[in-house]
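A.B. asks: Using the sequences plus the hints, can you model the full thing?
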Amino acid sequence: MRKWRLLVAVLCVLGLSLAAGACGDDEEDSDAGAAPNEAGARLEPPRDLIKEGTLVQCADLSFPPMTFEDPQTSAPTGFDVDAAKAVAEAWGLEHEVQNMPFDGILPALSSGRCDLAWTGIFVTPERLKTFSAIPYLETAQVIIVPEGNPAGISSPDDLSGKTAATQSGTEYVKSLREIEPRPNIQTYPKMTDAIQQLVIRRADAVVTQDTEAAYRSTQQPGAFEVAYTYADAVEFGVYFGKSSADMDAALTKALRSLDEDGTLAEIAEQYELPAENLLIR
Amino acid sequence: MTFDLEIFWDALTSQEFLDGALITVALAVSAMATAIVFGLVVAVARGSEVAAVRWAAATYTWFFRAVPTLLQILFVWNALPQLFPALKEDWFTPFLAGYIALALNEAAYMAEITRSGMLSIDPGQRLAARALGMRSWPTLRRIIIPQTIRVAIPPAANEFITLLKLTSLASVISLQELLTVTGQQVSLTFRFAELYAAATVYYLVIVSALMILQSRLERRYAWSSRERSGSILSRSRPRLRASEVR
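Line by line, the protein sequences give chains C and B. Mapped onto the working numbering, the consecutive letters of the first sequence carry residue numbers 19 to 299. Mapped onto the working numbering, the consecutive letters of the second sequence carry residue numbers 189 to 434.
Calculated from the structure, these hints are not laboratory results. Computed from a predicted model, the values in this text were never measured in an experiment. Every residue gets a Cβ at the ideal spot worked out from N, C-alpha and C, and that includes glycine. Watch out, some of these pointers could steer you wrong.
Stated by the list, open to error - To give an idea of the chain B side of the interface with chain C (calculated C-beta under 8 angstroms), a few residues:
hint : residue
1    : E237
2    : P269
3    : Q270
4    : A274
5    : W279
6    : S359
7    : S362
8    : T368
9    : Q372
10   : S375
11   : T377
Claimed, not checked - Computed beta-carbon distance windows for the label pairs:
hint : chain 1 : residue 1 : chain 2 : residue 2 : range
12   : B       : F272      : C       : K260      : 48 to 58 angstroms
13   : B       : Y409      : C       : T142      : 34 to 44 angstroms
14   : B       : L258      : C       : E278      : 40 to 50 angstroms
C.D. replies: Next comes the structure, spelled out in structure tokens:
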């Protein structure tokens, strides 16, 4: 009998420690510290934060250079992460990133799991029906192909009859579906998966953002080239719930202040994004 | 935002959801059918007199149960083309890749289920068949397999239901099955409650159909002289043919 009790006790301890270890796995903290911004005075943070004293940002860490993981340390990094960190600093808050696949980001924002969804999300009328957004960067959609353009793609219509890969749940899928006759569209959970299909030559082209294409070509010089740039530029926006009226005012003020003192331009430069694409007014 | 019945109904009757559900069911059914047959082969091989055959079967069930299903799917889609470049062509669709991976994976589990069904048959059955002069294949076909099926139906139906939900793993290789389609629609419109409810209804309908099929099968294989006295005697008794006897 005693042996059984000992076994049950050990199993309970194991189970509890496993459960405790598993909680808090996806959260990656960065120490922002409560330092005031360069202007001297600290800005007022919004009142309705989900976690006291912390700015929680939802991001899909697979979309460089906006949000990705540092190759050496696996810490969240990228323009969006650094800019959000700067905003949190300006408000005197800690900063936290919740990492999840792209098509779970806006649902998470809806269900109150983060204060901001800041991860290279386009501003679209459909999304604005449900959420508020502040645009911050202009960007264009591109079609990238393997170096040398073996399939001879020079416009979206050339994709008909070819295989095009992209990330599922994105606007890119929509623009691929608009091509008549339809190409063979493959959608993958992450943009990196789609680009992998390009590398192994299963996909003839990938539709993605100019930012992603620029980053990938610094990582793998000479592997891809941009075959076509879509004419209508779009805007990346920071999304938050419609009910946080506070967030709108506070965030606009914070972004303006960071733009004026050059912080945003500095961050943009760090990721080779043209500072003239910044939209804060 | 409350639950909008119209959006729910539109999603439920939409072509995308229907196509997604059909792909899910088609993948599950085809993979399961292959897995049942192949699993039976492996299970019989486990009891073979030839040591090499036994070893091969044991290795198969070891390997394909150990490697996670997701990894197997990714391997077939991404790694195999590296070894066999022909697999990059359009004919090697995500459905085909998913089918291969899921069938191989599920066959290992079905082999164990079938083997346990065979173990539940009294060894006296085989002895009696031998005493009658029946050879191995007729023994298998007429004596062992029918009794195995009866025992194996509930766990096999279980596996089938699990496999139906495992098909959603194929979204990582761009298969447009039901859950992928649901996620895509949600990311366009954000009507989570209505769309998730529609997907749930589809899964419930499919699994309910499977459960009805299961109970029909169980009734068909439930021979027992106690419960249905006379019914066995009243069925035409199978006769042994000359080719089946030594």
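A.B. asks: Taking the closest Cβ pair, is T368/B under 8 angstroms from chain C?
C.D. replies: holds (7 angstroms)
A.B. asks: With a cut-off of 8 angstroms on the beta carbons, see whether Q372/B makes it to chain C.
C.D. replies: holds (6 angstroms)
A.B. asks: That 48 to 58 angstroms hint for F272/B and K260/C (C-beta), does it hold up?
C.D. replies: Between F272/B and K260/C, where Cβ atoms are some 52 angstroms apart, the hint holds.
A.B. asks: Could one say that the CB atoms of L258/B and E278/C fall in the range 40 to 50 angstroms?
C.D. replies: Given about 48 angstroms between the Cβ atoms, the range holds.
A.B. asks: Is the interface hint satisfied for E237/B? The criterion is a beta-carbon contact with chain C at less than 8 angstroms.
C.D. replies: It is violated, given that the least Cβ distance between E237/B and chain C is near 41 angstroms, above 8 angstroms.
A.B. asks: Going by Cβ atoms only, is S375/B closer than 8 angstroms to chain C?
C.D. replies: holds (4 angstroms)
A.B. asks: Please check whether S359/B passes as an interface residue: C-beta within 8 angstroms of a C-beta belonging to chain C.
C.D. replies: Since chain C brings a Cβ to about 7 angstroms from S359/B, closer than 8 angstroms, the hint holds.
A.B. asks: Grab the minimum C-beta distance from S362/B to chain C and call the hint holds if it beats 8 angstroms, violated otherwise.
C.D. replies: Holds, about 4 angstroms.
A.B. asks: Does 34 to 44 angstroms hold as the CB distance between Y409/B and T142/C, or does it fail?
C.D. replies: Since Y409/B and T142/C have Cβ atoms about 56 angstroms apart, the given range 34 to 44 angstroms is violated.
A.B. asks: Next item in the hint list is Q270/B. Is there a CB on chain C closer than 8 angstroms to its CB?
C.D. replies: holds (7 angstroms)
A.B. asks: Verify the interface restraint on P269/B: the C-beta must sit less than 8 angstroms from at least one C-beta of chain C.
C.D. replies: With Cβ-Cβ at 6 angstroms, under 8 angstroms, it holds.
A.B. asks: Using 8 angstroms as the Cβ threshold, decide whether A274/B counts as touching chain C.
C.D. replies: violated (11 angstroms)
Against the hints set out earlier in the document, violations occur for numbers 1, 4, 5 and 13.
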